[in-house]
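**Student:** Based on the provided sequences and hints, a complete structural model is requested.
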Amino acid sequence: MTEFLTANMAPIMFAALILFLLFGYAVAFSLAACGLFFGVVAIELGMIQPAFLQSLPLRMFGIMQNDTLLAIPFFTFMGLILERSGMAEDLLDTIGQLFGPIRGGLAYAVIFVGAMLAATTGVVAASVISMGLISLPIMLRYGYDRRVAGGVIAASGTLAQIIPPSLVLIVLADQLGKSVGDLYKGAFIPGFVLTALYVGYILVLSFVRPHWVPALPPEARTIREPDGSSGLRSLGLVVVGATLCAITFAKWRPEGTPLDELIVTSLCVGVGMAFVLAVINRITGLGLLSNMAERVTFVMIPPLALIFLVLGTIFLGIATPTEGGAMGAVGALAMALMRGRIDLKLIRQAMDSTMKLSCFVLFILLGATVFSLAFQGVDGPKWVEHLLTGLPGGQLGFLIVVNILVFVLAFFLDFFELAFIIIPLIGPVAEKLGIDLVWFGVLLAVNMQTSFMHPPFGFALFYLRSVAPHEDYIDKVTKKPIKKITIEQIYWGAVPFVVIQVLMVGMIIAFPSLVSSGLGNEPTVDAEQVFQQMQTDSQQKSDDKDATDAAKPESADEKEDPMKRLMESMKDDQAKKP
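Residues in the sequence shown are numbered from 956 upward in steps of one, following this note's numbering.
Among the hints, a few may not be true.
[Said to hold, decoys possible] Restricting the straight-line Cα-Cα distance to at most 30 angstroms, the calculated cross-link-like pairs of lysine-lysine (DSS-like) are:
no.	residue 1	residue 2
1	Lys1434	Lys1133
2	Lys1311	Lys1133
3	Lys1300	Lys1311
4	Lys1387	Lys1337
5	Lys1387	Lys1133
None of these hints come from the bench; they were simulated from the model.
**Tutor:** Following this line, the structure appears as structure tokens:
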């Protein structure tokens, strides 16, 4: 029995953790309890020395000294303040009027505003709840299919998990040992490609099922010129002029400028030109712009300014992600103050919610640290490595199996739990196979995005359900009866968008330059070299096994000292700071 436990301690430990989670115990305490229990068992069996666990306090202090994790409360606080600043309401109202005359216009507006909120808040709950409260009643009022309305709001809210500044990218960067800025740059293009896929789905629906996504009726289009026209021609001229300014600026930039930096800076130049024109038009009263053009310009400026304040400074190398988050939080407070939407009660609510989420993340990270230390002591990483590197298909087989595993676990775990439990196990294996960890992190971020959309436990679906009508009601504007939205309708509406997210995972694997183009380099993946290396490793497996069986147990001095390794890592981090 003792020999069986010694030989299979790692898989037993992992299975015990899964069992704890299935019983419904808190993730943080399940991780810590399993780690401590199996650490003591391993000491009793002679697998590790008692001194091995003495590095645990130092690991805890290492987490507390991790400056990268400060970005989480900053971006959370920024998102919660923006949720109450009225920015989402203004965006949805204006963009809804802009796209309203076409079929699917309200859905396009929700997707567009979802991407804008994602690039400013990075918080799924804030985006889904804001759009659910504002857009859902309007979509139901004008005859949108309930499944489409629920699905597009939930899916657009989850864009906050892949479009920077995303909380999941911060956690993944920490767990993979990579720069948050690199993951932000790598996720920039895939995030907007995913947005385009959502738009494509609504476009197809507008032709196949036009009655599911009707246009706004003429009486609902409130932004008009004195002569009754829509004013879209003036807006089109402003867009063309801003685009020409942005393209001219982009061509003026030196060759080799990273694509993400080029997009952000060019966008700011183009929007700045439109803003100056709108200000001149309002001050002088010359009537150069239509009401629609002027309103769209003024509504777009605050979120775009905040995007540049956060992402622009990060991509240009002016600020670290932590500093960018702090500036974003200050910018959100300033925006709410200018709108007159801030008071002590609002600030207290935002700070309370920020504290709860930050403590939630920190406790899971502490529990994961206890588990990973004990798992390392019983040679768990070697077990995972042998398990995954022995898969057929080499690198591609590894990617397929890992993505299927993450997709299935996302039915039961949220992205924080996935990041702290799964990533430390598969990250070293991916690195050994020659996979660029930044590319791998973005790939997993897109996959983990499905954890918010999976029926029946998707958090975005629950957020939407909390603000969706629970009972039939009479609409205040049309005075017509409106039926409630059932949880089944929300689930079925989410399914097409989950399929789109899975399709995006396949696109990143098939076209890795989607991620690497944001970094300004090519992906460091050589499948042929990896396959040859795996063949060599396979031939040495039997010899390694015999040598391991014949070898004596290592002494405590011969084992790698985790405390020493952590101290060296902390010194390296300090040396990198300016």
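**Student:** Hint by hint, say whether it matches the structure.
**Tutor:** Hints and how they fare:
no.	hint	in the structure
1	Lys1434 <-> Lys1133	violated (55 angstroms)
2	Lys1311 <-> Lys1133	holds (26 angstroms)
3	Lys1300 <-> Lys1311	holds (17 angstroms)
4	Lys1387 <-> Lys1337	holds (12 angstroms)
5	Lys1387 <-> Lys1133	holds (15 angstroms)
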